[in-house]
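A.B. asks: With the sequences and hints as input, model every part of the structure.
Number of protein chains: 4
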Amino acid sequence: MFKRGDWALLLEVGGGYRTVAKVGGGVVQTIRGFLDLDALVGAPYGSVLSSSLGVRFKALPATIFDVIEHRFKRKAQAIYPKDAVHIVRVAGVGPGSRVAEAGTGSGFLTAVLAWYVRPWGVVYSFERRLDHLRVAVDNIRSVGLDPYVELQLRDVSVSGFGLAGLDAVVLDMGDPWAAVPYAKEALKPGGALAIFSTTVEHLVKSLAAVEEAGFCEVSVEEVLARRWKPTLGEVRPETFGVVHTGWIIAARNC
Amino acid sequence: MFKRGDWALLLEVGGGYRTVAKVGGGVVQTIRGFLDLDALVGAPYGSVLSSSLGVRFKALPATIFDVIEHRFKRKAQAIYPKDAVHIVRVAGVGPGSRVAEAGTGSGFLTAVLAWYVRPWGVVYSFERRLDHLRVAVDNIRSVGLDPYVELQLRDVSVSGFGLAGLDAVVLDMGDPWAAVPYAKEALKPGGALAIFSTTVEHLVKSLAAVEEAGFCEVSVEEVLARRWKPTLGEVRPETFGVVHTGWIIAARNC
Amino acid sequence: MFKRGDWALLLEVGGGYRTVAKVGGGVVQTIRGFLDLDALVGAPYGSVLSSSLGVRFKALPATIFDVIEHRFKRKAQAIYPKDAVHIVRVAGVGPGSRVAEAGTGSGFLTAVLAWYVRPWGVVYSFERRLDHLRVAVDNIRSVGLDPYVELQLRDVSVSGFGLAGLDAVVLDMGDPWAAVPYAKEALKPGGALAIFSTTVEHLVKSLAAVEEAGFCEVSVEEVLARRWKPTLGEVRPETFGVVHTGWIIAARNC
Amino acid sequence: MFKRGDWALLLEVGGGYRTVAKVGGGVVQTIRGFLDLDALVGAPYGSVLSSSLGVRFKALPATIFDVIEHRFKRKAQAIYPKDAVHIVRVAGVGPGSRVAEAGTGSGFLTAVLAWYVRPWGVVYSFERRLDHLRVAVDNIRSVGLDPYVELQLRDVSVSGFGLAGLDAVVLDMGDPWAAVPYAKEALKPGGALAIFSTTVEHLVKSLAAVEEAGFCEVSVEEVLARRWKPTLGEVRPETFGVVHTGWIIAARNC
Chain V
61 MFKRGDWALL LEVGGGYRTV AKVGGGVVQT IRGFLDLDAL VGAPYGSVLS
111 SSLGVRFKAL PATIFDVIEH RFKRKAQAIY PKDAVHIVRV AGVGPGSRVA
161 EAGTGSGFLT AVLAWYVRPW GVVYSFERRL DHLRVAVDNI RSVGLDPYVE
211 LQLRDVSVSG FGLAGLDAVV LDMGDPWAAV PYAKEALKPG GALAIFSTTV
261 EHLVKSLAAV EEAGFCEVSV EEVLARRWKP TLGEVRPETF GVVHTGWIIA
311 ARNC
Chain A
61 MFKRGDWALL LEVGGGYRTV AKVGGGVVQT IRGFLDLDAL VGAPYGSVLS
111 SSLGVRFKAL PATIFDVIEH RFKRKAQAIY PKDAVHIVRV AGVGPGSRVA
161 EAGTGSGFLT AVLAWYVRPW GVVYSFERRL DHLRVAVDNI RSVGLDPYVE
211 LQLRDVSVSG FGLAGLDAVV LDMGDPWAAV PYAKEALKPG GALAIFSTTV
261 EHLVKSLAAV EEAGFCEVSV EEVLARRWKP TLGEVRPETF GVVHTGWIIA
311 ARNC
Chain S
61 MFKRGDWALL LEVGGGYRTV AKVGGGVVQT IRGFLDLDAL VGAPYGSVLS
111 SSLGVRFKAL PATIFDVIEH RFKRKAQAIY PKDAVHIVRV AGVGPGSRVA
161 EAGTGSGFLT AVLAWYVRPW GVVYSFERRL DHLRVAVDNI RSVGLDPYVE
211 LQLRDVSVSG FGLAGLDAVV LDMGDPWAAV PYAKEALKPG GALAIFSTTV
261 EHLVKSLAAV EEAGFCEVSV EEVLARRWKP TLGEVRPETF GVVHTGWIIA
311 ARNC
Chain P
61 MFKRGDWALL LEVGGGYRTV AKVGGGVVQT IRGFLDLDAL VGAPYGSVLS
111 SSLGVRFKAL PATIFDVIEH RFKRKAQAIY PKDAVHIVRV AGVGPGSRVA
161 EAGTGSGFLT AVLAWYVRPW GVVYSFERRL DHLRVAVDNI RSVGLDPYVE
211 LQLRDVSVSG FGLAGLDAVV LDMGDPWAAV PYAKEALKPG GALAIFSTTV
261 EHLVKSLAAV EEAGFCEVSV EEVLARRWKP TLGEVRPETF GVVHTGWIIA
311 ARNC
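Just so you know, the sequences run in chain order V, A, S and P. Under our numbering, think of the first position of the first sequence as 61, with each following residue one higher. Under our numbering, think of the first position of the second sequence as 61, with each following residue one higher. Under our numbering, think of the first position of the third sequence as 61, with each following residue one higher. Under our numbering, think of the first position of the fourth sequence as 61, with each following residue one higher.
Honestly, the hints are just simulated from the structure, not real lab data. Hints are supplied without guarantee of correctness; some may be wrong.
With a Cα cut of at most 27 Å, we get these calculated BS3-like pairs of lysine-lysine [to be verified]:
| # | chain 1 | residue 1 | chain 2 | residue 2 |
| --- | --- | --- | --- | --- |
| 1 | S | 142 | P | 82 |
| 2 | S | 289 | P | 248 |
| 3 | S | 82 | P | 248 |
| 4 | P | 244 | S | 82 |
| 5 | A | 265 | A | 135 |
| 6 | A | 82 | V | 244 |
| 7 | S | 63 | S | 82 |
| 8 | P | 142 | P | 244 |
| 9 | S | 265 | P | 142 |
| 10 | A | 244 | V | 82 |
| 11 | A | 265 | A | 142 |
| 12 | A | 63 | V | 244 |
| 13 | A | 63 | V | 289 |
| 14 | P | 63 | S | 248 |
| 15 | A | 244 | V | 63 |
| 16 | P | 248 | S | 63 |
| 17 | S | 142 | P | 142 |
| 18 | A | 142 | V | 142 |
| 19 | V | 244 | A | 289 |
| 20 | P | 265 | A | 289 |
| 21 | V | 265 | A | 289 |
| 22 | P | 82 | S | 244 |
| 23 | V | 265 | V | 244 |
| 24 | A | 265 | S | 265 |
Partial chain V-side listing against chain A, Cβ under 8 Å, derived [said to hold, decoys possible]:
| # | residue |
| --- | --- |
| 25 | 104 |
| 26 | 125 |
| 27 | 154 |
Just so you know, these numbers come straight off a predicted model, no measurement behind them. Every residue gets a Cβ at the ideal spot worked out from N, C-alpha and C, and that includes glycine.
C.D. replies: Pasting the structure below:
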């Protein structure tokens, strides 16, 4: 049953339009007419909601990825879900993990990390730009993940993390090399470092910093997710797609 | 600090050998000599342990993926970590999720799912072969995830899941099409179905069953993880690698 | 030196616009003004040509792929250059080859094959649609490859090829399976068959026909060409790209 | 019909063994017994040849790629066929082309280029190591392509090509950057340069040299060929494969 504040995934019945909206959020406008989201409070999952134009929508509970994709405000380039879960894996992040992340950006990866560390863990997220931080605060609150996140306006390349014994440190920033030695100090022995790089020059400089700092178990992977068309009789990969996001460096604090 | 029963990742200092062993598990044999794992009880993370041949090992806390990769007994073809976390994502699995899985196989995916649903969630895992189930029980106990898993000897293609209101159902079996209608009954509205297929014929038959059962938001993706050589001066992808594991069908119960 | 009838690749000096035009073709309109192509007759390769708007263009000899990409009229879905040269390779096509192709479509692959079989070889190209054939005739004549091509309005699925002892047969059509037995008759012993498939259902039906007809050395490959951004300081793959065109089945007539 | 000196592809009837041997080459040893290759002189394509152990082989005319793969002596790392035809395409090489190549290595790419430039074209191939050159001479003669190849012991990084007005220059060497300015001098206006790089550092240095020398139309591509298992009922990509060979830089002399 939907509660006030839940996010609903609204799928046009028999149609191609989809949106995500907050249950109990009043009347919202869509390209298929107005939708009264208050009407979903207390309604069972799967209920049908009609718009002011008579278009019917099936209301399903939205996943964290649905909300991030449809509702998060985007200030900076955001990490893709395929890379976010890869980082979650190579950084060994799960329920209870204590993770530091820099930079916060719009908070996409922050939200994913926070979602997986619940209910005991915490994500310390650092950002040097106030405008990004403001967007991230709004995004993270909107999905109710603020209890698991500590945001801080701080340039970790200069000031470090001010933390110790972390399970993982994730760097998604223009100059992670300066932050790598601080990451080492902040990690517990065996803790994991993950760095996201989008160009080969960034990759090579980041790798050099990781080796220089004495990390071990260094690996680099790129993750490609190819979408297929699920139409029976003509099943095949989509013609066009994303062929590059970035490389993920992973290493352990030995 | 290591406690009895923890898994340690043991990395040869300055060398290429690595293994995973249970802290407090007595003396174990490796190709670098015998290691006394009792000596690690109470030792801090990052301690050095010497083998009977004088080879020194750094002892780090192992991640769930380290243990699965090195220590799980393998009876059936096991799902790759890259696909496991993709399934975790598309199935919306996280702390608190109630998930059903069939078949259990050797319990690799079961362990990954269980690790992410902690501490409130549960994985109901179904397998029709007793020999597989026995291996899975051992594997899952060895990592202490048995409180989050309910294993059952049952052919879900014939008998269904006997459950309702699940957040997700994951099918990794030879004939998932017969189980798809039961999966629909077992899911909550909006709940997610994920199916793993390794051949195009299996993929097409599974897709047909998913459409026939009335699922919506159907997608198919293949995930390719390309490892790179992190050697400075000659950074490049590895020459050889895994170029196929399978496709992951995802759908929602509308 | 450019001769009347040559194709020139015209690159805007210091800019991003590029076009392909026929030397001696009179005045042509571009989005950068009019260009007098007669002025290039007798001019050396690399000459600069100014448009009516004063935009300067460097004139280089165009390759066959430049002309096909920019100037060929497109009636049907055309095969990509990356797949065309793969077919040339697996079909063993080169100077002197005798090749049959069906269907002709807009003649893109026909032109590539014809270009490589020069000066002794021949491409027999079959098409059942007259409107496609008319476009193909124009395209092939425009690049002067008509001496190497014999176009025929004929449904090879019904009537076969009417040829024997061919080095290679290439099928790029909706229902190649019906033509496969005829292809076998038309090939010399050891001759190569290549089939282009764009969906898994098409691929599986085509493979079944190839095995049924008794071909050997059967292989299937998909070719992915990933473009990289060559900008120094930010070298990386392009973000978006073509991730699917089709599979190429290759086999030998044993 | 086979002539003395032709290469035959010998496929075990109903079996998995294959080899390539020279027709008229006398008795050769295989793991399936001795084969008398003189018996094939004058025999039609598709003839069956029995070994001394009674194993039957179907004899088909070998393609240039069959011979290169099975018979060429390998001294240096050889370029893959998928990359060779990509280079042929981006360098605009075809019948009649005048191409320079450095280094020769074992002559794999030399042979492919020579095969496509027949009957009017020529490949000038430069190598600084005498031991490589000797292997290349043998390889190229063995396929009868020596009339189309001029091999030279010369370090083009130091001495340039000593040629002018070429259609294409192909560089597959450790330090192509030093040779790039010489390549520009050797090319006709509009001529194509292709460089093969296997590491990102090599790629970046090569790109810098190409831009420095004033080439235009610079592109970088990597070509991935994924083999599929053609077994009906379980059609799927092969599990393991080559995931990296190198990048191909292409540019035009503007």
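A.B. asks: Given the hinted pair residue 142(P) and residue 244(P), is their alpha-carbon gap at most 27 Å?
C.D. replies: Roughly 26 Å between the alpha carbons, so the hint for residue 142(P) and residue 244(P) holds.
A.B. asks: Is residue 142(S) close enough to residue 142(P), meaning Cα to Cα at most 27 Å?
C.D. replies: holds, 10 Å
A.B. asks: Can you verify the interface hint for residue 154(V): is its Cβ closer than 8 Å to any Cβ in chain A?
C.D. replies: holds, 6 Å
A.B. asks: For the pair supplied as a hint, residue 142(A) and residue 142(V), is the alpha-carbon distance within the 27 Å limit?
C.D. replies: holds, 10 Å
A.B. asks: Are residue 63(A) and residue 289(V) close enough, with their CA atoms no more than 27 Å apart?
C.D. replies: violated, 49 Å
A.B. asks: Are residue 63(P) and residue 248(S) close enough, with their CA atoms no more than 27 Å apart?
C.D. replies: holds, 16 Å
A.B. asks: So if I understand the rule, the pair passes when the alpha-carbon distance is 27 Å or less; does residue 265(V) with residue 244(V) pass?
C.D. replies: holds, 17 Å
A.B. asks: Is it true that the CA of residue 265(P) sits at most 27 Å from the CA of residue 289(A)?
C.D. replies: holds, 19 Å
A.B. asks: Is the hinted pair residue 265(A) and residue 265(S) satisfied, with a Cα-Cα distance of at most 27 Å?
C.D. replies: holds, 15 Å
A.B. asks: Given the hint that residue 82(P) pairs with residue 244(S), test it: the Cα-Cα distance must not exceed 27 Å.
C.D. replies: Between residue 82(P) and residue 244(S) the Cα gap is close to 26 Å, so the pair holds against 27 Å.
A.B. asks: Holds or violated: is the Cβ of residue 104(V) closer than 8 Å to a Cβ in chain A?
C.D. replies: holds, 7 Å
A.B. asks: Between residue 63(S) and residue 82(S), is the straight-line Cα distance small enough, at 27 Å or below?
C.D. replies: holds, 10 Å
Figure legend: structure checked against the earlier numbered hints; hints not met, in rising order: 1 and 13.
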